[in-house]
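Asker: Chain residues, written in single-letter form:
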Amino acid sequence: MATLTKQQIGSVLAKQGILIAFAVFIVAFTVANPKFLSVDNVFSVVRSSAILGVMALGVTFVVISGNLDLSVGSMMSFSTIVVLDLHDQIGPLLAIPAMFAMTMCLGAFIGFLVGYLRLNSLIVTLGMLSAIHGLTLTYSGGQNMDIADKEGTWFSVFGQGTALGIPVPIVIFAGLAALLGIVLAKTAFGRKVYAVGGNGTAATFSGIKRARTVFTCYVISAACVATAGLIQASRSLGSQNTVGQGLELEVLAAVILGGASLLGGAGTIFKTVIGVLILGFIQNGLLLMGLQFYVQFVVTWVIIILAVWLDIAAKRGKLWSPIA
Amino acid sequence: MTDAKPVLHLDDIVKTFPGVRALDGVSFSVMPGEVHALMGENGAGKSTLMKVLGGIYQPDGGAIYMGNDKVVMAGPLEAKAKGIVFIHQELSLAEELSVAENIYLGELPRKRFGRVDWATLTERTDAILKKLNVGFDAKTRVGDLSIANQQMVEIARALTVDAKAVIFDEPTASLTDAEKVVLFDVISDLKSEGVGIIYISHRMEEIFKITDRISILRDGQYQGTVATADTDEEAVTQMMIGRTLDLSRNTSHHELGDVALEVRGLSCGKLYKDVSFEVRRGEVVGFYGLVGAGRTEIAETLFGLRDPSAGKILLDGEEVRIASPADAIARGISLVPEDRKGQGLVLGMNCRDNMTLPQVDDLKAGPFVAEGAEIAIFDQYRDRLDIRTPGWKQQVGNLSGGNQQKIVIGKWLSMHPNVLIVDEPTRGIDVGSKSEIHKLLRELAAQGYAVMVISSEMPEVLHVSDRIVAMYSGQIMRTFTSEEVTEDNLIQAISGIKSGQAA
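First to last, the sequence lines map onto chains F and H.
Going by the working numbering, the first sequence opens with residue 1, and the numbers climb by one from there.
Going by the working numbering, the second sequence opens with residue 325, and the numbers climb by one from there.
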């Protein structure tokens, strides 16, 4: 009977571990600082997580399909710089679709290399991280980009506006999460993403076009990056050309924290959203506790390792496995 | 043997999982120098029992004795240290290492400063390999060996410890007939050295050839032990499934329809050459041959996974080019592949999603997948194929092998194909499910499907086929009707014996 209970606890931990961890963090931080759960603070955390979150939604597709995307950080810098530059040249109405098209072309290129040429996604996207960075610097001539008339443009609505009292970045994040959540869970395409990531050979034997599925995942990821770039540009109306640097790791961390398997085939949009929020709340909680900003980098990483470890431990029912 | 102590005795073993009593008071003993068969349908508890014996699971009740001593198997290493050795169905070898390194992995002989003593290693390994009478040496890379020879490496590994009991789990699943002979020789050597052997297999002819006693499990319960000499297939089957088995040969022929599939002079590089045959609606054509005869490659070509280098494929009399599996499916060809875990299933997905995967684009409710329709398809084939699972949400990886195979078959039947190709449809499946699948293949033909069955098991081919195509080394040697085929002429054909030439 005792073992049965232990097994049950194990299986609850394995399935709901991420939610339990989330609840524990919130309670602990709230006890440490009652301001933590105030409406203002929650809004501020979610709003500042929105950019990261939007990117994580797209990367979730890529990871479930069994691949990686490390290029999203520098791709986000690219989108931000491009849309700011085009804003003054052709106006925001045209700048936005033009920027989306250019960013999605980059995604399509990666999708072609990984999907159709079957190159290793780690190498391809690591290379693209560097290549897109160079492209951005070339495009901007190494200069920061600013909108000339910061007061007189409606472009600021995506980053600074509110809808029914809710900040627009949160609305975009929530809306996109709902949309992509449905795509992944309810459509034939979503099913194929799981199949390709779970067992690519079996997917091929079931008549699924594997290359096309992987390709589409990267295009979706790029579209999410473009959306993130739009929010970023709109919020600051001016930007350095390294604004997205390092975000690829935070995005990946949020996706893993949400429990998507790096081997592919497992994960959900809902869990990724939870992963994004956990990451956001931890970083915010540390700031409220008066720790220096730089401490975040260390603590965040420690927590990710813990999360992955507990996930694995719950699956095998032991904290560590001396045999393997 | 009468007053000898059993090398291994399992007493009243109980193992429960949440909601299931997987083993319910199982007892049996293995005497020294005995080959003891353990039989039961898939899900009867054989694997669980072996995991208890190997220290992977701890029993909830009962005890294990070796000789006179009660032992507790705390883990796999302890089981091995006590002289209990497993030869698994799925091999666990490092392909990039040599045979010698694999055999002594973790226990390589050392010289000073931790350097490997290669000379001793090679010498010891070659001594063992000589005993096994195999055609490779200590330095061969394991990845270059055939599956059968890899299995020999596993067996050689077992011989390095002082084995008291050796457990063979479906050892012949991927062996050819000639390779089986070698394996059986090894088993009889072990036997003469006084080792107790537990032999798990679904293949009746092997059980009756090499075992001394048979213990039978059904639904986690011990059904009894019988001396092999005192029983027959029918009695054993009855104990396993609680009813008698239909072993009659195929004599019923259905009304044949038009030619659904015709292949003319098809070749694919060195894999197969100048292959021609036709399959009519209402007909089951069996493809029999040794592993590597090119049968699977023909199936893969027809399913769009390989490009033929010459020849024509005609569907309903019309020449077609099949560029991809998606193309094949669209033209009404279904393939139940050879390797159900690698090619047939996404193990982490649930039963329903696996079953409807090839048609997920067609099951639409607006922009979404019509889950109601999917569940209806799953329910229909679960009932028709008697798939045992708690529900469609169950991950396929948690099902037994037989039920997994039925999911794959259901997946392709639900596509209502014109041509159904099944490659090794009953590999690693219990007797009861096997005869159900055979019956199903006959029924499908009766309903007007054109069916191609590729199998390495002669009884299976004989049992289901209207005609049998015998292949040897990439070529069709002869095509038999079920009236003219005999075991002898079939074996001759697949061994390439023609005009006095010996194999």
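Simulated from the structure, these hints should not be mistaken for lab results.
Note that this is a predicted model, so its numbers are computed, not measured.
Just to be clear, a hint being listed does not mean it is correct.
Only pairs whose alpha carbons sit at most 27 Å apart, straight line, appear in this in silico DSS-like list of lysine-lysine [unchecked claim]:
{"hint": "1", "chain 1": "F", "residue 1": "Lys-186", "chain 2": "H", "residue 2": "Lys-435"}
{"hint": "2", "chain 1": "F", "residue 1": "Lys-209", "chain 2": "H", "residue 2": "Lys-515"}
{"hint": "3", "chain 1": "F", "residue 1": "Lys-150", "chain 2": "F", "residue 2": "Lys-271"}
{"hint": "4", "chain 1": "H", "residue 1": "Lys-454", "chain 2": "H", "residue 2": "Lys-329"}
{"hint": "5", "chain 1": "H", "residue 1": "Lys-688", "chain 2": "F", "residue 2": "Lys-209"}
{"hint": "6", "chain 1": "H", "residue 1": "Lys-717", "chain 2": "F", "residue 2": "Lys-186"}
{"hint": "7", "chain 1": "H", "residue 1": "Lys-665", "chain 2": "H", "residue 2": "Lys-636"}
{"hint": "8", "chain 1": "H", "residue 1": "Lys-515", "chain 2": "H", "residue 2": "Lys-504"}
{"hint": "9", "chain 1": "H", "residue 1": "Lys-463", "chain 2": "F", "residue 2": "Lys-271"}
{"hint": "10", "chain 1": "H", "residue 1": "Lys-435", "chain 2": "H", "residue 2": "Lys-504"}
{"hint": "11", "chain 1": "F", "residue 1": "Lys-271", "chain 2": "H", "residue 2": "Lys-454"}
{"hint": "12", "chain 1": "H", "residue 1": "Lys-636", "chain 2": "H", "residue 2": "Lys-688"}
{"hint": "13", "chain 1": "F", "residue 1": "Lys-209", "chain 2": "H", "residue 2": "Lys-435"}
{"hint": "14", "chain 1": "H", "residue 1": "Lys-504", "chain 2": "F", "residue 2": "Lys-186"}
Asker: Against this structure, judge whether each hint is valid.
Answerer: Taking the hints in turn, this is what the structure says about them:
Pair hint Lys-186/F plus Lys-435/H does not hold up; C-alpha atoms about 62 Å apart against a cutoff of 27 Å. The suggested pairing of Lys-209/F with Lys-515/H is violated, with an alpha-carbon distance near 52 Å, which exceeds 27 Å. At roughly 37 Å between alpha-carbon atoms, Lys-150/F and Lys-271/F are farther apart than 27 Å, so this suggested pair is violated. Distance check on the hinted pair: Lys-454/H and Lys-329/H sit about 31 Å apart at the alpha-carbon level, beyond 27 Å; violated.
In summary, the hint linking Lys-688/H to Lys-209/F is supported, as the alpha carbons are separated by about 18 Å, within the 27 Å threshold. A hinted pair counts as satisfied when its Cα atoms are at most 27 Å apart, and Lys-717/H with Lys-186/F qualifies at roughly 15 Å. The straight-line distance between the Cα atoms of Lys-665/H and Lys-636/H is roughly 31 Å, outside the 27 Å bound, and the hint therefore fails. For a cut-off of 27 Å, the pair hint linking Lys-515/H to Lys-504/H stands: about 16 Å separates their Cα positions.
Taking the CA atoms of Lys-463/H and Lys-271/F, the gap is about 50 Å. The hint is violated against a cut of 27 Å. With a CA separation close to 38 Å, the supplied pair Lys-435/H and Lys-504/H exceeds the 27 Å bound. The hinted pair formed by Lys-271/F and Lys-454/H fails the criterion: a straight-line CA distance of about 57 Å is larger than 27 Å. Pair hint Lys-636/H plus Lys-688/H does not hold up; C-alpha atoms about 35 Å apart against a cutoff of 27 Å.
About 54 Å separates the Cα atoms of Lys-209/F and Lys-435/H, which puts this hinted pair outside 27 Å; it is violated. For the hint linking Lys-504/H to Lys-186/F, the alpha-carbon distance of about 49 Å lies beyond 27 Å, and the restraint is violated.
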